[in-house]
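**Q** Numbering (our numbering), first residue to last: 37 to 291.
Because the hints were derived from the structure by calculation, they are not lab data. Be aware that a few hints might be false.
Stated by the list, open to error - Distance ranges between label pairs, derived from CB positions: (1) 240 to 132: 32 to 40 Å; (2) 80 to 179: 25 to 33 Å; (3) 95 to 138: 36 to 44 Å; (4) 142 to 273: 39 to 47 Å; (5) 145 to 81: 33 to 41 Å; (6) 288 to 242: 33 to 41 Å; (7) 59 to 274: 17 to 25 Å; (8) 133 to 223: 30 to 38 Å.
Claimed, not checked - Derived DSS-like pairs: lysine-lysine, alpha-carbon spacing no greater than 30 Å straight-line: (9) 278 to 111; (10) 202 to 66; (11) 284 to 66; (12) 77 to 111; (13) 259 to 284; (14) 77 to 66; (15) 259 to 66; (16) 77 to 284; (17) 259 to 277; (18) 259 to 77; (19) 218 to 277; (20) 66 to 277; (21) 218 to 278; (22) 259 to 202; (23) 259 to 278; (24) 278 to 77; (25) 259 to 111; (26) 111 to 66; (27) 218 to 111; (28) 284 to 202.
Model, not experiment: these values are computed from the prediction. We treat Cβ as the ideally placed atom computed from N, Cα and C, and that holds for glycine.
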Amino acid sequence: MNYQIGVADYGMDVWYGGNLNLEQRLLLLKSCGIGGIEWLKAADMAEAVQNAALFHRMGMDFASCNMSSPELTMKCACAFGKEYVWITTPARRTVPFETYCRQANAFVEAAAYYGLKAALHNHLGTRVESQQELDDFMAAVPGAALLLDTAHLHAAGGDCIGTIRKYHDRLAAVHFKDYFLKDESIGLDRWPERLRFCELGGGNAGMDFAPIVRELRDHNYNKWILIEHDTHLREPEIDLKKSADILKDLFGIRQ
């Protein structure tokens, strides 16, 4: 399998105060043995082309795009030959589930116009948080792909292995991170106070990544493996390299 390890670099933005220089960020990630970033971001199509050229000149890649509007995101992802975009319809917990699914179905249809899959990203604090909500969504929006966040699902009491087994043919990408429980007495409605996400091996919640990877490999998963550390307590490259090395070992990726 030709696995590609990338970074969903939200945590880096938090640490540095934003992506201040794309080339510097790519150089840092490349030094950690990481092959790219989940999203190409740009102010407009012209900057997107410039940024895409930078990625490829440096031997790096990106999994998808995140632009100023859903349609521009789809156009860029299509133009650059990408497979999926995130479903970005309003996903607050207060949105009625039926409304969310109706709008997600419309998003899926719009993405298909550009030859793209539209992927649900399960996330604490959003309309699809729990295992039951994920299953209900996947049934109600049959054209949707799944961008599985293993730690968010585990933290919500979900079944990562069962989810991969059930939806392996609908996976667009997988997010890997660990999490540290700060105060278990606090509910998921205040999840940032309950826990913080962190590097693989830095958590205390009993996440076991080996069987998750084994399940992916059993189903011949060969898409993006995306590291995401929402919170860094030290220079990000230390945590990112640690997580990348763990995942390379688990997936059998030769250095």
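**Q** Do the alpha carbons of residue 77 and residue 111 lie within 30 Å of each other, as the hint requires?
**A** Holds, because 13 Å separates the two Cα atoms, which is no more than 30 Å.
**Q** Residue 77 and residue 66: Cα distance at most 30 Å?
**A** holds (18 Å)
**Q** For the pair supplied as a hint, residue 259 and residue 277, confirm whether the alpha-carbon distance does not exceed 30 Å.
**A** holds (20 Å)
**Q** Taking the beta carbons of residue 59 and residue 274, is their distance inside 17 to 25 Å?
**A** holds (21 Å)
**Q** When you take the CB atoms of residue 95 and residue 138, is the distance between them in 36 to 44 Å?
**A** holds (42 Å)
**Q** Holds or violated: are the alpha carbons of residue 202 and residue 66 at most 30 Å from each other?
**A** violated (34 Å)
**Q** Against the 30 Å threshold, does the CA-CA distance of residue 284 and residue 202 hold or violate the hint?
**A** Given pair residue 284, residue 202 holds - Cα atoms ~24 Å apart, limit 30 Å.
**Q** Does the hinted range 30 to 38 Å hold for residue 133 and residue 223 at CB?
**A** violated (20 Å)
**Q** Take the C-alpha atoms of residue 284 and residue 66, compute the straight-line distance between them, and say whether it is at most 30 Å.
**A** Holds: residue 284 and residue 66 sit about 14 Å apart, inside 30 Å.
**Q** Sort out whether residue 202 lies within 30 Å of residue 259, counting only the CA atoms.
**A** Holds, because 17 Å separates the two Cα atoms, which is no more than 30 Å.
**Q** Using the Cβ atoms, figure out if residue 240 sits within 32 to 40 Å of residue 132.
**A** holds (36 Å)
**Q** CB of residue 142 to CB of residue 273, is that within 39 to 47 Å?
**A** For residue 142 and residue 273 the Cβ distance comes to about 40 Å; the hint holds.
The structure fails hints 5, 6, 8, 9, 10, 27 (numbered hints given earlier, in ascending order).
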